[in-house]
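Chemist: Listed below are the residues making up each chain.
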Amino acid sequence: MTVPTYAAPVAANPYRPSPARITSIIDLTPQEKLFELRLIDDAAREAFDFESGQFVELSIFGVGEAPISISSAPSKQGFIELCIRDSGDVTGAMHKKRCGDIVGLRGPFGRGFPFADMKGHDILLVAGGLGIAPLKSLINHIHDDRHEFGKVTILYGSRTPSEVLFRRQFDMWQHREDFDLILTVDQPDETWTGETGLVTKLFDKVDVDPASTYGAICGPPVMYKYVIAEMRKKAMDADRIYVSFERRMKCGIGKCGHCGVGHQYACIDGPVFNYWEAMNLQEAI
Amino acid sequence: MFFRVIPKSVIPDLVRGLAEQYEVVGPVAKGETFVYAPLADAADLRLDYDTTALPAKRWFFPESEALMRFRVSDNAVVSESLDTAPRVLFGLHPCDVNSLLLMDNVFLGETPDPYYKARRDNTLVVGVSCTPGEYCFCDAWGTDETHWGFDIFLSDIGDDYYASIRSVMGADLVDRYVPCRAITDEDTAAFQRRTAEFKAAFTNGVDTSQLPVLLDAKFDSEIWDKLGEKCLGCGACSMVCPTCYCFDVHDELDADQLGGTRVRTWDSCQFKQFAAVAHGQNFRDTRAARVKYRYYHKQWGYLSKFERVLCVGCGRCTRACKAEINPPRVVRALQTGVVD
Numbered sequence: 078m079t080v081p082t083y084a085a086p087v088a089a090n091p092y093r094p095s096p097a098r099i100t101s102i103i104d105l106t107p108q109e110k111l112f113e114l115r116l117i118d119d120a121a122r123e124a125f126d127f128e129s130g131q132f133v134e135l136s137i138f139g140v141g142e143a144p145i146s147i148s149s150a151p152s153k154q155g156f157i158e159l160c161i162r163d164s165g166d167v168t169g170a171m172h173k174k175r176c177g178d179i180v181g182l183r184g185p186f187g188r189g190f191p192f193a194d195m196k197g198h199d200i201l202l203v204a205g206g207l208g209i210a211p212l213k214s215l216i217n218h219i220h221d222d223r224h225e226f227g228k229v230t231i232l233y234g235s236r237t238p239s240e241v242l243f244r245r246q247f248d249m250w251q252h253r254e255d256f257d258l259i260l261t262v263d264q265p266d267e268t269w270t271g272e273t274g275l276v277t278k279l280f281d282k283v284d285v286d287p288a289s290t291y292g293a294i295c296g297p298p299v300m301y302k303y304v305i306a307e308m309r310k311k312a313m314d315a316d317r318i319y320v321s322f323e324r325r326m327k328c329g330i331g332k333c334g335h336c337g338v339g340h341q342y343a344c345i346d347g348p349v350f351n352y353w354e355a356m357n358l359q360e361a362i
Numbered sequence: 017m018f019f020r021v022i023p024k025s026v027i028p029d030l031v032r033g034l035a036e037q038y039e040v041v042g043p044v045a046k047g048e049t050f051v052y053a054p055l056a057d058a059a060d061l062r063l064d065y066d067t068t069a070l071p072a073k074r075w076f077f078p079e080s081e082a083l084m085r086f087r088v089s090d091n092a093v094v095s096e097s098l099d100t101a102p103r104v105l106f107g108l109h110p111c112d113v114n115s116l117l118l119m120d121n122v123f124l125g126e127t128p129d130p131y132y133k134a135r136r137d138n139t140l141v142v143g144v145s146c147t148p149g150e151y152c153f154c155d156a157w158g159t160d161e162t163h164w165g166f167d168i169f170l171s172d173i174g175d176d177y178y179a180s181i182r183s184v185m186g187a188d189l190v191d192r193y194v195p196c197r198a199i200t201d202e203d204t205a206a207f208q209r210r211t212a213e214f215k216a217a218f219t220n221g222v223d224t225s226q227l228p229v230l231l232d233a234k235f236d237s238e239i240w241d242k243l244g245e246k247c248l249g250c251g252a253c254s255m256v257c258p259t260c261y262c263f264d265v266h267d268e269l270d271a272d273q274l275g276g277t278r279v280r281t282w283d284s285c286q287f288k289q290f291a292a293v294a295h296g297q298n299f300r301d302t303r304a305a306r307v308k309y310r311y312y313h314k315q316w317g318y319l320s321k322f323e324r325v326l327c328v329g330c331g332r333c334t335r336a337c338k339a340e341i342n343p344p345r346v347v348r349a350l351q352t353g354v355v356d
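Protein chains in written order, with our numbering: chain L, 78 to 362; chain B, 17 to 356.
No lab work stands behind these hints: they were computed from the structure. Using N, Cα and C, we set each Cβ at its ideal position, and we do this for glycine too. Please note: incorrect hints may appear among the correct ones.
Part of the chain L face toward chain B, derived, beta carbon under 10 Å [what the hints assert, rightly or not]:
no., residue
1, P91
2, P96
3, I137
4, V140
5, E323
6, G334
7, H335
8, V338
9, I345
Whole structure, please, built from the sequences with the hints as guidance.
Modeler: As structure tokens, this is what we get:
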């Protein structure tokens with residue numbers, strides 16, 4: 078017998094991207110652009126509630142999807158900022174987009190930084206390279222609730238001066254009294270007046286009160302071990318050091334299996350883990 | 017659960033009755049093996065089969081399926097559709113019924129997968145008892161029995177089946193299509209005898225003691241290097257596995273480049289690019305790391321989330337693997353520290 082296949086409507090489809098319009102594009106470096114996006118559907122936009130450290134799936138039909146961490150703060154309503162390096166099919170296609178073009182978003186996905194727990198404490202943020210992208214959301218969020226935090230220190234390392242992201246803003250922030258921001262580059266040029274060397278070198282310049290400090294780290298995989306060691310030297314607790322992992326999050330909802338890290342999935346159990354959790358995760362650090 | 021005794025001789029009548037309303041899929045002979053296929057004729061059903069070459073997962077999670085049609089110009093979804101065809105999977109062994117329950121945890125748990133759910137909701141499952149085959153080790157995980165996940169389960173007690181009825185639909189079908197009767201104490205005694213014979217017939221003893229501890233404690237063991245050297249990286253183990261659920265998604269553009277289809281296909285953690293990200297980083301760059309991950313996830317990662325291991329002991333990967341890497345052997349290597 079022939080069996081009819083009914084085309085039933087799909088009520089709630091977690092794989093269906095929601096259209097979003099590109100409202101602003103800023104060239105940050107030759108490789109990275111900062112995109113501002115606005116979800117077109119009113120209900121989707123109002124329902125889009127996220128935490129710093131969470132990510133979205135950027136969906137460009139005909140090319141595919143890529144996980145991108147959100148750079149804007151949850152306190153910024155109605156718009157989502159994504160800092161994107163041109164490094165693959167989807168990100169390459171995104172770099173060719175112009176203001177007004179429509180792309181798709183799914184999410185937000187994953188577990189972000191414990192912002193509520195961090196309130197009332199000192200914060201030490203350490204970023205390497207593109208790792209500043211998810212931390213930028215946390216930095217902006219702290220900025221908008223600055224009075225609720227103690228001392229806020231940001232250490233940010235890049236390879237070269239031309240690769241420093243958000244440089245204009247950070248140049249200004251170096252003069253702020255309420256943020257201790259130290260930039261460093263591995264390979265300085267003649268214009269560079271800041272620190273040089275790896276980001277771990279900056280720990281000599283930082284005073285940490287271990288009893289009241291939360292740490293947050295994001296950068297290339299090789300960086301974690303060394304930065305965590307510096308934080309541990311400052312006697313910070315393992316469960317107050319937070320790390321964000323990059324993995325191949327493909328579905329974002331714990332099904333496709335690509336982002337497995339040890340016995341967890343980065344897309345639903347992370348991408349933010351505290352160091353105690355990460356220590357107990359094989360393949361993590 | 018309630019029970020009926022159904023004469024074996026009326027099974028073709030049951031299948032023919034079901035075929036009036038459902039597409040009936042069951043084990044049929046294909047060459048020297050068996051496959052689950054739509055039954056053209058009730059007589060093709062082979063309830064005496066050993067293990068099908070491919071598992072039943074494709075009837076819920078096909079090897080390739082369209083998720084949505086899209087338009088490129090404004091990045092819009094044009095259409096989506098779900099397969100809600102009424103279907104009966106007739107003749108699943110306990111391992112395969114249990115595999116559906118393990119898949120359900122992933123696809124029906126938090127954030128249900130609508131494509132899987134539509135098929136699961138519209139498919140009746142009729143299980144049937146079996147005898148342990150050459151590669152079977154379901155007894156190691158307790159997946160040699162099943163108490164839910166089916167509508168009807170038929171246990172062979174000689175000339176009759178001792179039928180466990182799990183759902184209203186199952187009860188309805190039995191009453192409508194076949195003459196049957198309530199069980200007696202003698203029937204239950206026969207069922208118990210058959211069960212004891214079944215349990216005694218397993219030969220692939222697998223010592224599963226403390227597996228999660230061993231997987232972590234021996235994470236850097238050289239057994240993984242040895243197994244990695246053997247592995248061909250073909251992914252056959254994942255394709256034939258009734259519980260491997262990993263998938264990939266890609267876009268297929270139409271010839272005019274104006275639209276296309278977003279397609280989901282089965283994937284395997286044994287493929288080199290599985291854990292690769294941008295900038296040339298690959299979190300599992302060696303075959304040893306990939307073989308290890310398959311076992312680490314199945315026997316510990318999944319267990320840590322759902323309190324069951326992600327294996328039902330069907331032995332399909334044992335049969336499929338040309339490098340002779342299989343759960344009994346890997347577990348032995350973990351226990352002894354030596355790949356035999």
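Chemist: Each hint: holds or not?
Modeler: Hints, verified against the model:
no.	hint	in the structure
1	P91	holds (5 Å)
2	P96	holds (6 Å)
3	I137	holds (7 Å)
4	V140	holds (6 Å)
5	E323	holds (6 Å)
6	G334	holds (3 Å)
7	H335	holds (6 Å)
8	V338	holds (7 Å)
9	I345	holds (8 Å)
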